[in-house]
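Protein chains: 2
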Amino acid sequence: MIKALEDDLAQNFNIHFNNHDLLDEAFTQASYVNEHPNQGLKFYERIEFLGDAVLQIVVSEYLFKRYPEMPQGKLTRLRAAMVKEDSFSDFAKECHFDRYIRLGKGEELSGARQRSSLLCDIFESFTGALYLDQGRDAVEEFVQKVIFPKLDEGRFDHVIDHKSELQEVLQVHGDVDIDYQLIAETGGENDRVFEVELIADGKKLSRGKGTSKKLAEQNAANKALQQIKSKK
Amino acid sequence: MIKALEDDLAQNFNIHFNNHDLLDEAFTQASYVNEHPNQGLKFYERIEFLGDAVLQIVVSEYLFKRYPEMPQGKLTRLRAAMVKEDSFSDFAKECHFDRYIRLGKGEELSGARQRSSLLCDIFESFTGALYLDQGRDAVEEFVQKVIFPKLDEGRFDHVIDHKSELQEVLQVHGDVDIDYQLIAETGGENDRVFEVELIADGKKLSRGKGTSKKLAEQNAANKALQQIKSKK
Chain X
1 MIKALEDDLA QNFNIHFNNH DLLDEAFTQA SYVNEHPNQG LKFYERIEFL
51 GDAVLQIVVS EYLFKRYPEM PQGKLTRLRA AMVKEDSFSD FAKECHFDRY
101 IRLGKGEELS GARQRSSLLC DIFESFTGAL YLDQGRDAVE EFVQKVIFPK
151 LDEGRFDHVI DHKSELQEVL QVHGDVDIDY QLIAETGGEN DRVFEVELIA
201 DGKKLSRGKG TSKKLAEQNA ANKALQQIKS KK
Chain C
1 MIKALEDDLA QNFNIHFNNH DLLDEAFTQA SYVNEHPNQG LKFYERIEFL
51 GDAVLQIVVS EYLFKRYPEM PQGKLTRLRA AMVKEDSFSD FAKECHFDRY
101 IRLGKGEELS GARQRSSLLC DIFESFTGAL YLDQGRDAVE EFVQKVIFPK
151 LDEGRFDHVI DHKSELQEVL QVHGDVDIDY QLIAETGGEN DRVFEVELIA
201 DGKKLSRGKG TSKKLAEQNA ANKALQQIKS KK
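Sequence order for the protein chains is X and C. Just so we're aligned, residue 1 is where the first sequence starts under my numbering, counting upward by one. Just so we're aligned, residue 1 is where the second sequence starts under my numbering, counting upward by one.
Excised from the complex, chain X in its bound form (with noise of 0.2 Å):
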């Protein structure tokens, strides 16, 4: 049983695992298990392929509902971006995953610990694990925590343009005059902000700060969305 892990688990998420095996067997790399033979020991991979559909189908279902609007490529595109390597890898270092890893020797030597492939792994066998564990709900409180904050916090960003989604749901029943003003930029020269109000139809909808005026008018939209949605 790994210990520090299971208080990290507790402390962080009050998650607390009824099948212990299970939680090791998430974390536990093929190269440990084979310098530690005849313990009976698994190793994560088959918790892996598990894990990775629970991911999927927790995801999709979330942007689905969450974005009403959205079209399909969009949406394609937003869940490829929270599902990937880079991202599970960052997930799982923030959870700390990346203490626990069973690795052997040579593997931990070649830094396989730090390694994205790996931490995206062990990210969706600790999933999976939990899946099984206790069901899907928890899995959704889990990710509740860890993934879906990001999209507020802007990190997919890059993928939604949340101008464009906002001209979509503004523009179901008909055309929409839809005008972004520049009302303040403050700051000095390295640190400028950047102020705008969103006005649709001549009624002022939401304001935007950011460090570009695209940025701006990206954050007012992304509001202005909220509130929406809030709405219905």
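Any given hint might turn out to be false.
Said to hold, decoys possible - Cut-off 25 Å, straight-line C-alpha distance, at most; resulting in silico cross-link-like pairs (DMTMM-like, lysine to aspartate or glutamate):
(1) X:Lys74 x C:Asp21
(2) C:Lys84 x X:Asp90
(3) X:Lys74 x C:Glu35
(4) X:Lys84 x C:Glu35
What the hints assert, rightly or not - Partial pick of chain X residues on the chain C-facing surface, computed with a CB cut under 10 Å:
(5) Thr76
(6) Leu132
(7) Gly187
Source of the hints: derived by calculation from the structure; they are not laboratory data. Note that beta-carbon positions come from the ideal geometry of N, C-alpha and C, so glycine has one too.
Let chain X serve as the given structure and place chain C on it in line with the hints.
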């Protein structure tokens, strides 16, 4: 409402949709929506996005549980064979889904109705709609009828190697001597049938027939695996 589709689903799968709009959406291509503006129609693509992930998790979890000894590599190959375009397109046709797709005239004339990529999309969008309407259990019930029996019918045997799998299962606790003995060869030159007997550590486990010795051995191994699993 696509009435004939609803009748077909009720008769063949005992499936009754609560939200008829959802089912319509799942069977409507963008080309049809474009030809019928101002009817507030939606096309299948968003639901297909969701259905794709639903099928992934349902198939993954089934394989994970059905083959508890199967290594990840083989699970992944098997899943890929099951969830790929050609397979989904065949399943869609088996379910008569091709009959009910709502297409624009141009698409119809270009033969889209029999296009593998469209049929695959519709299989996914139907699954997505079923999931939204009735939840995961209903999807599992559907897939139990449409996809999983294909495993037993040997449709994916080119991906699964039953002989290797049996070896893995039998040798979990140490070496086992597995032998396949040809016990009969019947039929003429062009319809030859081979029958083999599978013997593990001197004990007769099963028999298998096939149009080649190799196929007969695979079938015998598969039978032995089924017997072992049914005892677990």
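So, going through the hints one by one against the coordinates:
{"no.": "1", "hint": "X:Lys74 x C:Asp21", "in the structure": "23 Å, holds"}
{"no.": "2", "hint": "C:Lys84 x X:Asp90", "in the structure": "30 Å, violated"}
{"no.": "3", "hint": "X:Lys74 x C:Glu35", "in the structure": "24 Å, holds"}
{"no.": "4", "hint": "X:Lys84 x C:Glu35", "in the structure": "37 Å, violated"}
{"no.": "5", "hint": "Thr76", "in the structure": "6 Å, holds"}
{"no.": "6", "hint": "Leu132", "in the structure": "9 Å, holds"}
{"no.": "7", "hint": "Gly187", "in the structure": "41 Å, violated"}
Hints 2, 4, 7 from the earlier list are contradicted by this structure; the remaining hints agree with it.
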